[in-house]
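Protein chains: 4
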Amino acid sequence: MRMFMNDYSEGAAPQVLQALVDTNAEQTVGYTEGDPHCDRARDLIRQAARTPHADVEFCIGGTSANLVCVSGMLRDYEGVICTPDAHINVHETGAIAACGRTVLPTDDADGFLSPDAAERVWRFQTGCGRHMTRPALIYISDTTELGGVWTRERFDAICDWAESRNLRTYVDGARLGSALTSPDNDLDLAHIASRASAFSIGGTKNGLLFGEAIVINDAQLKETFPYIVKERGGLLAKGRLLGVQFEAAFQGGLYWKLAAHANECALALRDGLVANGFKPYGNSGSNQQFFVVSDRVGDALEKACGCESFYRIDATHRVIRFVCSWATELSDVDELIEFASAL
Amino acid sequence: MRMFMNDYSEGAAPQVLQALVDTNAEQTVGYTEGDPHCDRARDLIRQAARTPHADVEFCIGGTSANLVCVSGMLRDYEGVICTPDAHINVHETGAIAACGRTVLPTDDADGFLSPDAAERVWRFQTGCGRHMTRPALIYISDTTELGGVWTRERFDAICDWAESRNLRTYVDGARLGSALTSPDNDLDLAHIASRASAFSIGGTKNGLLFGEAIVINDAQLKETFPYIVKERGGLLAKGRLLGVQFEAAFQGGLYWKLAAHANECALALRDGLVANGFKPYGNSGSNQQFFVVSDRVGDALEKACGCESFYRIDATHRVIRFVCSWATELSDVDELIEFASAL
Amino acid sequence: MRMFMNDYSEGAAPQVLQALVDTNAEQTVGYTEGDPHCDRARDLIRQAARTPHADVEFCIGGTSANLVCVSGMLRDYEGVICTPDAHINVHETGAIAACGRTVLPTDDADGFLSPDAAERVWRFQTGCGRHMTRPALIYISDTTELGGVWTRERFDAICDWAESRNLRTYVDGARLGSALTSPDNDLDLAHIASRASAFSIGGTKNGLLFGEAIVINDAQLKETFPYIVKERGGLLAKGRLLGVQFEAAFQGGLYWKLAAHANECALALRDGLVANGFKPYGNSGSNQQFFVVSDRVGDALEKACGCESFYRIDATHRVIRFVCSWATELSDVDELIEFASAL
Amino acid sequence: MRMFMNDYSEGAAPQVLQALVDTNAEQTVGYTEGDPHCDRARDLIRQAARTPHADVEFCIGGTSANLVCVSGMLRDYEGVICTPDAHINVHETGAIAACGRTVLPTDDADGFLSPDAAERVWRFQTGCGRHMTRPALIYISDTTELGGVWTRERFDAICDWAESRNLRTYVDGARLGSALTSPDNDLDLAHIASRASAFSIGGTKNGLLFGEAIVINDAQLKETFPYIVKERGGLLAKGRLLGVQFEAAFQGGLYWKLAAHANECALALRDGLVANGFKPYGNSGSNQQFFVVSDRVGDALEKACGCESFYRIDATHRVIRFVCSWATELSDVDELIEFASAL
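Protein chains in written order, with the numbering used here: chain A, 1 to 343; chain B, 344 to 686; chain C, 687 to 1029; chain D, 1030 to 1372.
In short, the hints are calculated from the structure, not lab data. Be a bit skeptical, because a hint or two may be false.
To be verified - Okay, derived cross-link-like pairs now, DSS-like style, lysine-lysine, Cα gap no bigger than 27 Å in a straight line: (1) 908(C) - 565(B); (2) 622(B) - 646(B); (3) 965(C) - 989(C); (4) 303(A) - 279(A); (5) 1308(D) - 1332(D); (6) 222(A) - 1251(D).
As the list claims (entries may be wrong) - Selected chain D positions facing chain B (Cβ under 7 Å, derived; list incomplete): (7) 1106; (8) 1122; (9) 1131; (10) 1162; (11) 1165; (12) 1219.
Given the structure is predicted, the values throughout are model-derived calculations rather than measurements. No residue lacks a Cβ here, since even glycine has one placed at the ideal position from N, Cα and C.
This is chain A alone, in the form it adopts within the complex (with noise of 0.2 Å):
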């Protein structure tokens, strides 16, 4: 059976592997400094955020992304704002830390930064002067950790909350496809483009080989970028690969398409799922789905298809995460409901 492990398992989109194949030949200078596929990169995403000012940049994974991100827009004592199961905060072995800066999380349960609890974040870290680190940023991602969706709405409430502490907003964007492609968005990117100081558009979790590319707006961030991503080691050598990569992807809206495919494969097996009377985790329109399963049911589903186990609920029940990518077929997802409901 497919493997419903993650949107990293395969390689890239066949569309994207052939511009690989068609440009192999091509000499171009190196770390995304001009050569025409960067170029023509960029302003396709400019285009598509419509935002023409903004720096586009490529970096080579979603953690070498965030560190540079976060790092690039906080002084070394400031800190950034983000919900307690943040990518940040759990999952990248202390990166941020690692480039002398802290993580200052929230009680936010369900993966959305809420200004309610970013702004006791915000009291409390500024409530004794230089004896506490200064909020100077948020953090987001859309999707978030558990599949959620931001609205126009609440992304705005976020924004807005920002900027009234005069904090920056970096927005995670390592499934922005998922995202804006879900039946529960509302956003764009180019509402996105008009509100964050930088955000990322991934491409290693929907049909590239590797590689996220920034959107930066923010003023510092512009200047720092290109050096700390070289600094800490995030600047491909042959950054023509990441340009060929966007550019394949963001010509005629394939990026889309790709997201949206990978999207309707996982509502079909939530629904498929819940059909069932599988109990789903949270609340995810997008391309990873979560449910509350007996561990026989766990065990035996994580030996079939490769899903994950995330939390634990109780001494006998667990959540697993079933991912879909650009590379699942509806087919496949008919196959593991079969599979499942027969458990």
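Got chain A sorted already, so can you dock chains B, C and D onto it with the hints?
Below, chains B, C and D without anything else, positioned relative to chain A:
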């Protein structure tokens, strides 16, 4: 005319690219953690280096490999001894300092770290106890920044010295393929593996899209590498891409054939230019060739083939560099010699 | 009225100051390296802690002591488990992150790190291999941030747990004098020294002008401390000042007498206020006393004696803190009780 | 015989110590935040430097002052240009790298940073864009490591150059008192304050128990200093001790008198030794004096007066250093000259 700018101007060698295409639809776990391609590549490299007990890890690029290995072998207050032109001292935007460690350059002028110069640094740095950064590692690169190839005698001498001072040894092998296939070479992978605490085998500059393999003997680095490579953003989500490429490169000796070919082109270029009166700079036996030229000739060559300017010699002369890769053809070399000789 | 703001509001205890005056004209080498006062202070502390093989080092202040010890016992990707209100998590401006290490707070609400809560953090942080910061150290402080005093039973329980997980143990003893002379205490210096990897003995808050002594059992910290304390700016040029002060403090038990006196004042204050209807917050048996008061009463007390506001309870109530020191007199306490009771 | 080892061998000048005794029982808030002594010291320093708009901050020691100021004026990927013998490059255990920043030494051999050498470093470091650490600051010290005193002409030249390259200027004034009271000097505090982005006024080496004052013109450092000094452990809890001491030192010009006296002794020592055939090393006009001596003479002097060995000249000769302080007496100098001349 073909560019002679760098060995990362093209994509991947056809066999490597084909391996990526052939395996594209496979589903594997991520992060180089146990997918069959990474496992097989690890075995091939361990066999080639005759070092069954070494760990073999992968990293997305050269700066990343260097900063992970160097910081992984140093305590906070320790430093790494290297030549002043070392890549970590010059061209990595302070990446070692960004990890909190200190680079301790000698006064070696030819790119080879010498025991005498290293001893002077060591004596100086250990002459005032805790008030000075303590040396704990030496960094050498084969080939050197000027294309020099380490002989076994020279290599053993610096390793002997490092051992006598209880220092670890790290070999940056970004161009190790070119080094070990040079006519000037009498080292082999197994001998390096028998003496170095860790060394890298560069893929980026020898026919891969990207990626470096790291061979680790040092017990401390074996433990720290997996964490630090993640924390520093050097771990690839679709980790098997590194395995697939190194598997292709080390199966049947492709890696060495590609490097030998680049050397052949570079040495033909050297001989052709020398025969036409060009004056070499340094003594490179590898795929980078350096020449002292007038600015007029330098400008013309730079425009024609993208060769880079390296050092200024005097008001009207400079050092330029030509680089050959697996993709260079001998006919390209002939064309360049003809062009240059007519200047 | 005397201020009850802090235990670092005054200068040094008269005996300590006199020792500085008496030795002022002596000439000694610097940096705590072998002057007779540091040596004698080291001996006195080793004797008091019955730990002849421990290293005793000195540091200029509490934040400095914490960041040197914590970073000196952690690798780059490791973290320290502590309570959420721990000084290193809240009031040191991200000093641990500034050293590249991660603080891993539990959900303990009372200032005491509990094995259960620490185990939950440990399980969570070790559940995803290298993708998460690895815990390697626990941090506790005696007294706690809320004035709590560790009992031997509680202390042994957390030490047992830490040992079972192969973690080091660090005790921040900024107010260790107050802790070990509290009526609530059944620990002693020797027992702490027998179990902690390292702990500090605070001078700043118990009668010295400044300075903390650090008792180190851990072999790694023994090696790294001398370098890191210099590298991080925590080493005093006129190092003997630390020796002179700790010598005066530990000769004849002055250190314990000063602390016991501060406790006596604080407990008299507590009893007097409780007798007059004030409501304690938490359960402090040491020189800091916390009360829940109305804002009206809080404002009046703050103005009168400089007590600080700590937490907001509700729209009209807050927690305030009174601190007594070696310099507080029982008559000051009586005056404050009388004033407070009239509000 | 009196030691001539260092200017931090004794305690505090009597007037400074008396001020500490006189104010010992006062109760003040901590952390240099608004106690009357710090405020008064700030005013006195601003008046002395005729710089009413500068911030004046305090730090516990010289390494701490340097690392806070340097890192506070640099972004993560920026570096500081200095001479190779600069304290931050040699004797602070990599403290700048520990803050993630890079030290960029010139090839100046005499301790004075020259515009020509600095320009060479600047050109080199800016010749390859983001691949190299970007210089953003120059560091000079007055006096230099070899006791050299900056003239106004020399100082203006390096400041002019720094301005022309848009670099900030930091002056390490650990021995600024000795510099500005030297016969070789034609600078004054006001002129330094009119040109430097920030500079320190050393207390440790000129009659205080410890402590440096920092005068800050730079807007960025004004904002960052208060946080970084805390984060890096350089903030004193009983902050008023710094205020009390600098108040005593700058009231009535004591600071300059102490320094002038140390200089007088040192120059008498120089003249006396030269008259007896000793060969000076370098050209110090301040409180440190360097001589080339045979090892036999060096050993005898080291044993007699604690003078330190600095450099080896050849197999049988070395450079030794004598240091005078506020506590040295002319009779001590005479005794030393007599002793040395008899060797």
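Provide an ascending list of the numbers of those earlier hints which the structure does not satisfy. 11, 12
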